[in-house]
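Trainee: Protein chains in written order, with my numbering: chain L, 5 to 427; chain E, 5 to 427.
Simulated from the structure, these hints should not be mistaken for laboratory data.
Hints are not guaranteed to be accurate.
No copy is singled out in the list; a pair is fine if it fits within one copy or between any two copies.
[Claimed, not checked] Derived EDC-like pairs: lysine to aspartate or glutamate, alpha-carbon spacing no greater than 20 Å straight-line:
hint	residue 1	residue 2
1	184	227
2	370	338
3	10	331
4	10	152
5	25	190
6	313	92
7	184	120
8	370	152
9	25	251
10	370	279
11	8	124
12	197	310
13	10	338
14	129	338
15	25	152
16	313	331
2 protein chains.
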Amino acid sequence: MTTKTKVIIAGAGFGGIAAAKRLAGCDADVTIIDRRNYHLFQPLLYQVATADLSPADIAWPIRGLFTRYRNIAVALSEVTAINPSAQEVVAGGRRYPYDYLILATGSGNSYFNHPEWEPDAPGLKRIIDAIEIRKRILLAFEQAEIADNPAAQRRLLNFVVIGGGPTGVEMAGAIAELAKVALARDFRHIDPKAARIVLVEAGQRLLASFPPALSQYAQSCLEQLGVEIALGQPVQAIDTQGVRIGETLLPTATVIWAAGVKVEGPGQWLGVETDRGGRVAVTADLSVPNHPNIFVIGDAAKVIWEGEKLVPGLAPAAKQQGRYVADVICARMENRTAPPPFRYRHVGSLATIGRNAAVVDFGRFKLKGWLAWWFWGLVHIYFLINARAATLVLLQWFWAYLTHKKGARLITGLRPLFSPPKR
Amino acid sequence: MTTKTKVIIAGAGFGGIAAAKRLAGCDADVTIIDRRNYHLFQPLLYQVATADLSPADIAWPIRGLFTRYRNIAVALSEVTAINPSAQEVVAGGRRYPYDYLILATGSGNSYFNHPEWEPDAPGLKRIIDAIEIRKRILLAFEQAEIADNPAAQRRLLNFVVIGGGPTGVEMAGAIAELAKVALARDFRHIDPKAARIVLVEAGQRLLASFPPALSQYAQSCLEQLGVEIALGQPVQAIDTQGVRIGETLLPTATVIWAAGVKVEGPGQWLGVETDRGGRVAVTADLSVPNHPNIFVIGDAAKVIWEGEKLVPGLAPAAKQQGRYVADVICARMENRTAPPPFRYRHVGSLATIGRNAAVVDFGRFKLKGWLAWWFWGLVHIYFLINARAATLVLLQWFWAYLTHKKGARLITGLRPLFSPPKR
Chain L
5 MTTKTKVIIA
15 GAGFGGIAAA
25 KRLAGCDADV
35 TIIDRRNYHL
45 FQPLLYQVAT
55 ADLSPADIAW
65 PIRGLFTRYR
75 NIAVALSEVT
85 AINPSAQEVV
95 AGGRRYPYDY
105 LILATGSGNS
115 YFNHPEWEPD
125 APGLKRIIDA
135 IEIRKRILLA
145 FEQAEIADNP
155 AAQRRLLNFV
165 VIGGGPTGVE
175 MAGAIAELAK
185 VALARDFRHI
195 DPKAARIVLV
205 EAGQRLLASF
215 PPALSQYAQS
225 CLEQLGVEIA
235 LGQPVQAIDT
245 QGVRIGETLL
255 PTATVIWAAG
265 VKVEGPGQWL
275 GVETDRGGRV
285 AVTADLSVPN
295 HPNIFVIGDA
305 AKVIWEGEKL
315 VPGLAPAAKQ
325 QGRYVADVIC
335 ARMENRTAPP
345 PFRYRHVGSL
355 ATIGRNAAVV
365 DFGRFKLKGW
375 LAWWFWGLVH
385 IYFLINARAA
395 TLVLLQWFWA
405 YLTHKKGARL
415 ITGLRPLFSP
425 PKR
Chain E
5 MTTKTKVIIA
15 GAGFGGIAAA
25 KRLAGCDADV
35 TIIDRRNYHL
45 FQPLLYQVAT
55 ADLSPADIAW
65 PIRGLFTRYR
75 NIAVALSEVT
85 AINPSAQEVV
95 AGGRRYPYDY
105 LILATGSGNS
115 YFNHPEWEPD
125 APGLKRIIDA
135 IEIRKRILLA
145 FEQAEIADNP
155 AAQRRLLNFV
165 VIGGGPTGVE
175 MAGAIAELAK
185 VALARDFRHI
195 DPKAARIVLV
205 EAGQRLLASF
215 PPALSQYAQS
225 CLEQLGVEIA
235 LGQPVQAIDT
245 QGVRIGETLL
255 PTATVIWAAG
265 VKVEGPGQWL
275 GVETDRGGRV
285 AVTADLSVPN
295 HPNIFVIGDA
305 AKVIWEGEKL
315 VPGLAPAAKQ
325 QGRYVADVIC
335 ARMENRTAPP
345 PFRYRHVGSL
355 ATIGRNAAVV
365 DFGRFKLKGW
375 LAWWFWGLVH
385 IYFLINARAA
395 TLVLLQWFWA
405 YLTHKKGARL
415 ITGLRPLFSP
425 PKR
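Please work from the sequences and hints to get the whole structure.
Mentor: Okay, structure coming up:
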C-alpha cells in the first residue's frame with residue numbers, strides 16, 4: 005500500500021504513546037499494537053480499586069488519541085512473536101512488517117516463583133484487576149454483614165496488602181479510609197471501623213526509594229489511619245484461607261499484591277539476555293544489542309542511571325525513552341546525526357497516603373503533609389490525558405473531599421456473584 | 005434482637021427503593037434484599053452500552069441511599085424461596101422472618117422460548133450486560149480493522165437490534181451515531197460510516213405505545229441516521245453467524261436483544277397464578293390473593309389500568325406502587341384506615357432517538373424534535389439520584405454534545421480478549 009518507512013510500536017503505555025506522538029512529525033507509517041483498546045493512566049489505577057474513580061476516568065481509547073494523526077494506525081491485537089531476520093511482528097496470527105520496532109510492553113506482577121498465589125492475591129495492573137479488587141473489598145464487607153458467625157465476620161474484615169512501595173501504601177491508606185470513613189455508617193450488623201488493614205513489607209521500611217524521613221512519616225500516617233504495618237516480614241504462603249506471615253496465619257478473604265514486577269515478552273521474543281526481572285539490557289541508544297532497529301523502552305528495558313541505579317518504572321522515565329527512540333528513528337530516516345546517548349532526567353517521586361497526607365521527593369525539594377497532598381493531586385490532574393478527564397476527576401475528588409463518600413462503590417464482574425458461592 | 009414489625013423488601017429497583025424510603029417514616033424494621041449491591045438507573049443503561057456513560061454514573065450502592073435511615077438494613081443476597089406459612093424469606097441460605105413482604109424483583113429478558121439465543125443476543129438489564137454489549141460493539145470495529153478479508157469485515161460491521169420499543173430505538177440511534185460520528189475518523193483500514201445498523205421489529209410500527217405520528221417521526225429520524233428498519237419481521241433464528249429475518253440471513257457478530265421482558269421469581273416462589281409474562285395478578289391493594297401481607301409491585305405485578313391496559317413497566321409506575329404499599333403497611337401497623345385501592349397515574353412516555361431528536365407523549369402534550377430531546381435530557385437528569393450524579397452526567401453529555409465524542413470507549417471484561425479467539 006505504501007513504501008513509507010514502517011514503525012511498529014508494541015504497547016500503548018506511557019512510553020509507546022510518547023514515541024508515537026513524536027513520530028507523528030516524521031514521514032513514517034506507524035502502527036501501534038496493543039492487546040487492550042485503551043491507554044491506562046496507571047498512577048491512578050488504585051483509585052478504581054478503592055471505588056474513588058471509574059475506569060473510564062483514567063483510561064482512553066488508544067485510537068482516540070491519534071484521530072488527527074493520519075499516519076498512525078492502531079491494531080487491537082496481542083504480539084506473540086518477532087522474526088528479526090524477516091523484520092516482522094506476529095500478532096493475532098497476522099504478520100506486521102517493520103523497518104523499526106519499539107517494544108514498550110511494560111511489566112506484569114511477579115509472585116516470586118509462587119504463581120499459585122495470584123488467584124487469591126490479585127495485583128493491580130489492568131482495569132479488570134482494579135474492578136476485581138474493588139469487588140473483593142466491597143464484597144468482604146457485604147458478606148460480613150450477613151455472616152452468621154463471628155469468626156467468619158472477623159476473617160472477612162481483615163484486609164492484607166503485600167508490598168510497601170507507593171502502590172501498597174496508597175492501597176492500604178485508601179482501604180483504611182474506605183472502612184473507617186466512607187462505609188462507617190452504612191452497615192447495621194457489623195462495624196466497618198473494626199476492619200483490620202495490614203500492610204506487609206519484606207524490607208525494613210516502607211517506600212524504600214524515598215529518604216528514610218519520608219518513609220517514617222508515611223508509616224506514622226498509616227498507623228494513625230489504623231493500618232497495621234508488618235516490616236521485615238516476607239510472606240510465607242497465601243491461599244483462600246488467608247496469609248501466612250512468619251509463623252502467624254492471618255485469616256482473610258482479601259489480599260492485594262503490590263510487591264514486585266516482572267517483565268515478560270521482549271526477552272523471550274528476541275532470545276536475548278535479560279536481568280532477573282526479565283528486563284532487556286539495551287545499548288546507549290536503547291536499541292537491543294545486535295538489533296539496531298529494535299528498541300526496548302519503559303519497564304521492559306534495563307537502563308542504568310547515575311552509574312549503578314536502574315532507571316525506575318515511572319511514567320516520566322517511559323515518556324523520556326519513548327521520545328528519545330522516536331528521535332533516533334527520525335534522525336536515521338532523515339540521515340541526520342543521531343542524538344547523543346539516552347540520559348535519564350529524574351524529576352522526582354510522589355506517593356499519597358491518605359487525606360491530606362502525601363510525600364514528595366524532588367531531590368533537594370522534599371515535602372510531606374497536606375501541601376504534598378495537594379501537590380500530588382495537582383500533578384496527577386495535570387498529566388491526565390485531556391480536559392474532560394481532568395474535569396471529571398477533579399469534580400469527583402472535590403465531591404469526595406467534601407462529603408467523605410466514594411463515588412464508584414459498585415460490585416460488578418462477569419462471573420456471577422452467587423452461583424457457585426465462591427468466596 | 006427487636007420486636008418491631010419486620011418488613012422485607014426483595015429488590016432495590018425503583019419500586020423497592022420508593023417503598024423503603026416511605027417506610028423509613030414508620031416504626032418498622034426494614035431489610036432490603038438484593039442480589040446486587042447497587043440501585044440502577046435503568047433508563048440510562050443503554051448509554052453505558054454505547055460508551056456514553058460509565059456504570060458508576062447511573063448506579064449507586066443501595067446502602068449508601070439509606071445511610072441516614074437507621075431502621076433500614078441492606079443484605080446483598082439472592083432470594084431463592086418464600087415460606088408464607090412460616091413468614092420467612094430464604095436468601096443465600098439464610099432465613100429472614102417478615103411480618104410484611106414486598107416483592108419488587110423486576111423483570112428479565114424474554115427470548116420467546118428461544119433461550120439458546122441469549123449468548124449471541126444479550127439483552128440490556130444489568131450493568132454487566134451493558135459492559136458486555138459495549139465490548140461487543142467496540143470489538144466488532146476493532147476486529148474489522150484488522151480482518152484480512154472483506155466478507156469478514158462486512159459481517160463485523162453489521163449490527164442488529166431486535167425490538168422496536170424505546171430501548172431498541174435508543175440503542176439503534178446511539179450505535180448509528182457511534183459509527184457515523186464518534187468513530188468516523190479513528191480507523192485507517194475500514195470506514196466506520198459504512199456500518200449497517202438494522203432495527204428489527206415484529207410489529208407494524210416502532211414505539212407501539214406512542215401515537216402513530218410519533219412512531220412515524222422516530223422511524224424517519226432513524227432512517228436519516230442511516231438505520232435500516234425492518235418492520236413486521238419476526239426473527240427466525242440467531243446464532244454466532246448472524247440473524248435470520250424472514251428468509252434472509254444477515255451475517256453479523258453483534259446482536260442486541262430489546263424485544264421482550266419476562267418475570268421470574270414471585271409467581272414460582274408463592275405458587276400463585278401469573279399471566280404469560282410471569283406477572284402476578286394482585287388485588288386492589290397490590291397484595292397477593294390469599295396472602296394479605298405479601299405485596300408484588302413494579303414489573304413483577306400485573307396491575308390493570310383504565311379498564312383493560314396493563315400498567316407499563318416504567319419507573320414512575322414502580323415508584324407509585326412502592327409508595328402505595330408502604331402506606332398500606334404503615335396504616336395496618338398503626339391500625340389506621342387503609343388507603344383506597346391503588347390507582348395508577350400515567351405521567352407520560354419519553355424516548356430519545358439521537359442528537360436533537362426525541363419524542364414525548366404526555367397525553368394532550370405531545371412533542372418531537374430538539375425541544376423534546378432537551379426535555380428528555382432534563383427529565384433524566386432531574387431523576388438521577390443525587391447532585392453528584394447529575395453533575396457528572398450533565399458534564400459528560402455537554403462534552404459529548406460539543407465534541408461529538410464518546411467518553412467511555414473501553415473494552416473490558418473478565419474473560420480475556422484473546423485466548424481462545426472466540427468471536
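Trainee: What are the numbers of the hints that this structure violates, sorted from low to high?
Mentor: 2, 6, 7, 8, 9, 10, 11, 12, 14, 15 and 16
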